[in-house]
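Working from the sequences, and respecting the hints, build out all of it.
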Amino acid sequence: MVDRVVGAPRPASVSLVNNPRIRSLAVQIILVLAIGYVGWSFVENARANLAARGIATGFGFFDQTAGFGITQTLIPYSETSTYGRAFLVGLLNTLLVAGVGVVFATVLGFAIGIARLSSNFLLSRLAGAYVELMRNLPLLLQIFFWYIAVLGALPGPRQSVSLFNAFFLNNRGVIMPEPIFADGAGTVGIAFIAGILLTLAIRFWARRRQMNTGQQFPVGLTGAILILGLPLAVFAATGAPVSFTLPELRGFNFVGGVRIIPEFAALLVALVTYTAAFIAEIVRAGVLAVSRGQTEAAYSLGLRPRPTLRLVVVPQALRVIIPPLTSQYLNLTKNSSLAAGIGYPDFFYVFAGTTLNQTGQAIEIIAITMGVYLTISLVTSAFMNWYNSRQALVER
Amino acid sequence: MSTTASGAFVRHELVPALPAPLAERGAIRFAREHLFSGPLNIIMTVICAALLALALPPLVRFLLIDAVWEGENRDACLNAAGACWPFVQAKFGQFVYGFYPIAERWRPNLVYALCAILLAPLLIPSAPFKRLNAVLFFAVFPVLAFVLLTGGNLDLRSFLLGRLLNWESVTGISRFADLRLGFWSDYAISALILSGIVALVTGLIGATARAAAYATLTGFVLLGIVLLCVDLDVGLQPVETRLWGGLLVTLVVAITGIVASLPLGILLALGRRSSMPMVRFFCVIFIEFWRGVPLITVLFFATYMLPLFLPTGLSFDGLLRVLVGVTLFAAAYMAEVVRGGLQAIPKGQYEGAMALGLGYWQTTGLIILPQALTLVIPGIVNNFIGLFKDTTLVLIVAIFDFLGQLRAAFTDPNWASPVTLYTGFAFAGMVYFVFCYGMSRYSLFLERRASAGQRR
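Protein sequences, first through last, are from chains A and B.
When we follow the working numbering, the leftmost residue of the first sequence carries the number 1, and every step to the right adds one.
When we follow the working numbering, the leftmost residue of the second sequence carries the number 1, and every step to the right adds one.
Do not rely on the hints blindly, as some may be mistaken.
In silico contact screen, one side only, chain B against chain A (beta carbon under 7 Å); selected entries [claimed, not checked]:
no.: 1; residue: Met-278
no.: 2; residue: Gly-292
no.: 3; residue: Leu-421
no.: 4; residue: Phe-425
Stretches of chain B that chain A covers, calculated by requiring three or more beta carbons in the stretch to come under 8 Å of a beta carbon on chain A [said to hold, decoys possible]:
no.: 5; segment: 27 to 38
no.: 6; segment: 43 to 49
no.: 7; segment: 295 to 301
no.: 8; segment: 392 to 406
no.: 9; segment: 434 to 441
Source of the hints: derived by calculation from the structure; they are not laboratory data.
Just so it is clear, CB atoms sit at the ideal spot from N, CA and C, and this is done for glycine as well.
Structure follows, in structure tokens:
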């Protein structure tokens, strides 16, 4: 160590512009000021523009009468309901198509992904062709195709395609028998939930017992009996409280029954087939990511093929599959906003479409719309992250 | 001395091997292994073959055998069992150019040709002059395309001085060769003043003032050349963007989106990995926000909300608004792609650069980005495919791209026939498929090329 000689001149100080701390502080202050200025000028401009065009501001419109009808409502709604109610109806419609779509897309996607890995030449090539075709066509084109060319070309109500005289397919959608719930129907539902809870409890107990004693318990079979059998038993015991009203052709249309509107069917089919192609690729990549050595090691430990698949291959493949699968679920939810192209009354169409047109309050409505989709995205990804962390490798 | 008994048979050559049994070679073996190896497999094969037999012949019959190839209007297709190709033929101009004036269609054609000529060598890895080619494609081509498609002649009025004081009253409205003297004198003076300010500030804090001033001035000169190009009256008839349509709009939106989002995306990705908390914060918010909302809400934002945020009286073109929205949206996705590339660069590269005495921008520009961007080219191409498919959404904000023109063509009573719909969808599907499939193959090719070093 060389001590500085007392009295010697200090080394020339580094120029301020080259001091990393000062630099980074200056850059950040300038950035915040610039963004603050842009934000402030946006607010000022918006205030001036809104005043000039005479557009009201605020969220008062939520309590005003909407005055427009919606073709598919899961909760009671009429033209005299408020915009707030319309908002809810649209949101539920979006969640409905996204929820159903996610389930079907997952099933179809896994099936096609596994088919692509099949040793059967024809099957794997067909699955490959499906994936390439679906992934390389725009989703909106597919939605239009299903809506205009397939469902639009179906015969009218009088010439409907019928199945068992209970299900009817025509250009106004799919008409199905409507269940009527009598007293005691609630008990069946409770029995169903009780069956699920019991199965979970048995699974927990069986795991502990296997850990302690090594004895196995047929959880799957018991669960199936409980979940299906319990509600059925209650259903029979309470004297079959659920009945169906069959749709009937009267004049030019059907009376009774539940109608699935063609917009919903077209959107759902397009979303499912499109997203399934992406999921199939993810599944294929996930399964291929588990090395052959894992299967061979499991066999050499004496595991039979099915437990090998269930205990060794699938858990490891899931670890690779889940993160990209999450983003596909999010994509499906976001893509459901393409409903605006065919007029399915989803959240976007009802709120950012009709409500925006009627009230003209672009800033509030578009901000809320973006906020809702952002919330759905964040909630889904938070849930999937939680699930992923449970599946993730526990390292020492 | 003889060791072999005379007359005994001794083989000197091996017997040629027998061919493998018929069942173990060629097509039969292939079929046995890959089609009929077990009961389940046989069932699968039969189901797949039945599916193919059900789907393929009608498809071929519809597209080729039963198709109508010639005709003037719907009469030719009224009783057709196959595709009505004259419909596509009649609407082809609309699909490709929208309502771009017929006399001016050589302009989009020239743009298409220029794009192809400049893009092809850029995509072929072995083609020479990559740097020059990239500058031509990313800097010169957009300006040229803008002038050709819109007609240029923006008639710029005011720059900085015009905003701050009533400059036009000083210069008058005199023009020189169609250029407003007011704007160009304003531009030149502003450039000089700003360069002076930059020199003053850098001088005060002890940096090299002259270099900074030169750099600023060079930037202004380059910007000036671009502005001169779009301001000059080159004698082209102006064509409003609402007349554009079809594939022209699809390509303009997709290419502008990707070219403009690349620099923005790189900046955002760098910002997200910055050591400055505020910079990181804003970049994360920006990226996650745009990635969390659907593109269609972004288009609505750009169409209905953006005009409210801009100063009163400053309105701009509908297509330009959409381009702004698409660029912001694509930039967020691009940022994540680039971030992937940045994360793949080993720490030793940064440390090596630091040891050589390179600063942040030198390290980033000379060491990190060239490697990171090469790594993520396939990701960028995939982004481009997604954006290309997403351009169809612009029809929801009433800009008629290829799909929009298709829908418009369906409503033409001159061509209303039972097969028009299917013909249109088949044609549009083929066009989109050719573009997207081609690009995805190209991205695969690049990936394989990039990983050639790791292949065993």
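Evaluated hints:
1. Met-278: Constraint on Met-278 (chain B) satisfied, holds at 4 Å.
2. Gly-292: holds (4 Å)
3. Leu-421: Hint on Leu-421 (chain B): holds, closest Cβ of chain A at ~5 Å, below 7 Å.
4. Phe-425: Result: holds, 5 Å to nearest chain A Cβ.
5. 27 to 38: It holds: at least three residues are needed, and the segment 27 to 38 of chain B offers 5 whose Cβ sits within less than 8 Å of chain A.
6. 43 to 49: holds (count 4)
7. 295 to 301: holds (count 5)
8. 392 to 406: holds (count 5)
9. 434 to 441: holds (count 3)
The structure meets every hint from the earlier list without exception.
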